[in-house]
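J.: In case you want the letters, here they are:
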Amino acid sequence: MMLAVNIVMLVAVLAPVLLVVWMSFTPTASFVLPLGDFSLRWYREALSYPGFVDAFFLSAELAAIASLITIAATFLAAYGLVRFRPRGREALMAVFTAPLLVPAVVFGIAMLQFINQLGLYNRLVGLVLAHVILVIPFAIRSLVATLGSVPEELEWAAMMLGRSRAGTLWHVTLPLCAHGLVTAFLFSFLLSFSEVTTTIFMSGPSLQTLPVRIYNYMSDRIDPTVAAVSALVVMISLALVLALNLMGGFRRLAAR
Amino acid sequence: MAVDAANISSAGASASRLRLRPHWPFIAPLILVMAAGFAWPLLHVLVNSFHPNTPQGLDAEHWTLTNYRRLADPLYGEILLRTLRISAAVTAISAVAAYPVALFIARLSPRAQSWMILAYVSPWLVNTVVKALGWTLLLRSNGVINTALRAIGLIEQPLRLLLTETGVVLALVPGHFMFVLLPLWTAISALDPALSWAAGTLGATPAGVFRRIVLPLTLPALIVGLVINFIMNMTAFAIPMLLGGVRNQVASMLAYQVDLVSLDWPFGGALAVALLGFTLALVFVGQKLAVIGLSSRGGKPEVSPS
Amino acid sequence: MSLEVAGVRKAFGSVRALSGVDLSVPQASFFALLGPSGCGKTTLLRVIAGIYASDAGKVALGGRDITQVPMHRRNMAMVFQSYALFPHLCAFDNVAFGLRSRRLPKDEIRSRVAEALALVRLEHLLQRYPCEMSGGQQQRVALARALAVRPDLLLLDEPLSNLDQRLRDEMRVEIRDLQRRLAITTVLVTHDISEAFTMSDRIGVMQEGRIVQIGSAEEIYHRPANRFVANFVGPINELPLTQVEGDAGGARALLAGQFSVRLPALTRAGPPGSDLTLILRPQALRLGVEEGETANRYGAEVEDVVFLGASSECRLRIGPLRLLAALPAGSGAKLAAGDKVMVGWDAADGVVTDGR
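Chains as they are written, first to last, in the working numbering: chain W, 857 to 1112; chain Z, 293 to 598; chain L, 51 to 406.
Among the clues, some could well be false.
Unchecked claim - Covered, in the sense of this in silico footprint (three residues per stretch, anywhere, with C-beta under 8 Å from a C-beta of chain W), are these stretches of chain Z:
1) 394 to 403
2) 453 to 460
3) 543 to 554
Quick caveat, the hints were computed from the structure, so don't treat them as lab data. Computed from a predicted structure; not experimentally measured. Each residue gets a CB set at the ideal place from its N, CA and C atoms; glycine is no exception.
Bound-form chain W, shown alone (with noise of 0.2 Å):
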């Protein structure tokens, strides 16, 4: 009984996911499975298709800066409170976890009107800002789990062979947290990728993101081209999902 369950959630899991995938190899106009005669058209259509192709460089490269500077503040205060252990540690870690308790709906509201309010509205920066916020929470955890598990030791032992705590950082930790740091950094990418209601109601006619795209499109009508493109976002983001848990990634991750 508990492995029909298992099953029917299963199935029900990755059924949207495959069968977007799978239809989007159909050769007809029209939403046919295909079964045998697997075609390329709609990849193509959808590869020439500007609205899509300019919304993955935009997806690609917002997902890129925010991760970087969310990468590189999150591990400095990672270090902060892995090494210092300040008083309010736990204060501060539930501060960078916070947004997590902010539905992305409010968030999308007041960054729409907190951008333009301030004129920034349809620019990259609001877009980056807000996906850097989105991504900080899991970004902290897991960078503080690669922290600890470099034992302090070696940072004494450099200190006291004489390089300064910054030189200690930049020779010693950083190379060690190496691993992690890439596992952070491709979820924090996949994460923004992916992002969808905070960046629909920020986004600016100009500024579309990939998914956002996606909406639009499906709001006005539902062809293969859709599917198409769809099905290319589900291969990158299973790609990048391997990829880290090849890493073992998910293990730090999954864990609350």
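Given the coordinates of chain W, work out where chains Z and L should sit on it, guided by the hints.
T.: Frame of chain W; chains Z and L shown alone:
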């Protein structure tokens, strides 16, 4: 310990002063980012909610409570009710499915477990718009579900699943299931297996072991997961919008209407504040429920040396 | 009830935890399974309890084959190393758990819980939760929980290893007294030799999934079945032998190719001259022996003397051989490194093994 680290990096200063200084340059950048991108916008929208709205836009000179009073309008009551209804349905279904799935996974080999968890978690990392497209394909009149049901003769006319609340519920259940599954599975995995063995040798049947040992000890985790799940349901946007349509408005769709179409930001602010308040209240209640359960519970006993 | 285990095998994937185990524990006796970690003793206990199903063999309780009986119907009780107290239940409810599973009437449950907690002297802790108890108290509640159901067999899986030394010694005596008073057949798993020696009637020594010797503490110490048992149970001197000859009447051999040595009667039918070792306990060596006092007597040089309080240890050399002698308190004071001394032992001391 903090004093040791601090002493190595800057010797010669007094201990109490040292505790404040060395970590701030590291933590400051992130705090600034959080202040600029998180605290300030939220405060901003809170302030906005107390200004009146005029045809020329937000009137920053005056203050009012009308935006909040507007929230009580019965017009919005229907939307609230629908949002609650959908959220409750999704959470209820998830609650029922949670234990069977979590227990099933917890009994697999460790490798199989991590693949299963990956299977449940990865769709969350694919954006919801793509999933909404997938559900559209499944729920349409000539979509996969209807075609399959007609093919095996269960129905004659296609079921209307798209643009209904049912469709939204069906799509949200697997979409947000992970938030219930992960905390529960983590709690089950953390249980000392000796507890179940002890209960077994003392005469409890397998069902008895679940009812008297596993359930009480993992219920707090389930509650936490259900609260998160409920909040995600209440504030979902893309799926209700694309699968439910304008005739099935939920709270987030109202927010879209207000903020991006009517551009009534004061009211939008009030709505945002109300949603946030509701979320925080739920989290608080959920934590309290979980703590009541956790106060004399937990995984392994604390063994003190006396 | 008596316990019989016959031919039990258990493998986990490619790891063979139990490779054919036979043992029998008479009614109301206390049996200890002794061995290093990884030898399979805990696995065997779990097979007896029904937690694991064996791949082969059978388990019988009071003459009845219970191999197929599920664990909640075997009427055994187990005290786990981690105690496994239910953290969400107070002491009363923990102890009552097994009684509630048997659907006993409320009054009887109350009286039996009180009785069980009185046995371990914790009547006052009824409403306490495990997280509010010390390790020693948790251990005793776990014991009370097991005793409350009046099991046919009591299983103890290293229940004392998380306690400090003083408590451990106290509990050993308490548990042993309780077992005698209640006459419950008991099996204890431990890696602690003194625990096995002080508590049990008979001991089964396990090595790599097999029982290699069953006997009383005295038998195991003085007549170990092989080198592993001898070495596990206490420090030993291992002296390789060559040119072994003899029979049931007596035997002799050469030590280090030069010293003639008289051995205990050979019980093993090994071909003379094959690869044998003489195992001697440090206590068997006597220093300062006169001519004729012992069958074996050699000149030795003292390498080192270590004072250990209740005894002293003395390292000696006889030619190329190095030995360890245990000296009672005080007698080591007169010896120093470099001294020459006569050391000896009786022909019947020690055990000859084939080095396994």
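J.: Are the hints correct? Go through all of them and say.
T.: Taking the hints in turn, this is what the structure says about them:
Coverage of the segment 394 to 403 of chain Z by chain W holds. Counting CB-CB distances below 8 Å, 3 residues qualify, and the rule asks for three or more. Closer than 8 Å: that is the beta-carbon criterion, and the segment 453 to 460 of chain Z has 0 residues meeting it against chain W, so the requirement of 3 is violated. Residue count for the segment 543 to 554 of chain Z with a Cβ under 8 Å from a Cβ of chain W: 6. That meets the three needed, and the coverage hint holds.
Of the numbered hints listed earlier, the single one contradicted by the structure is hint 2.
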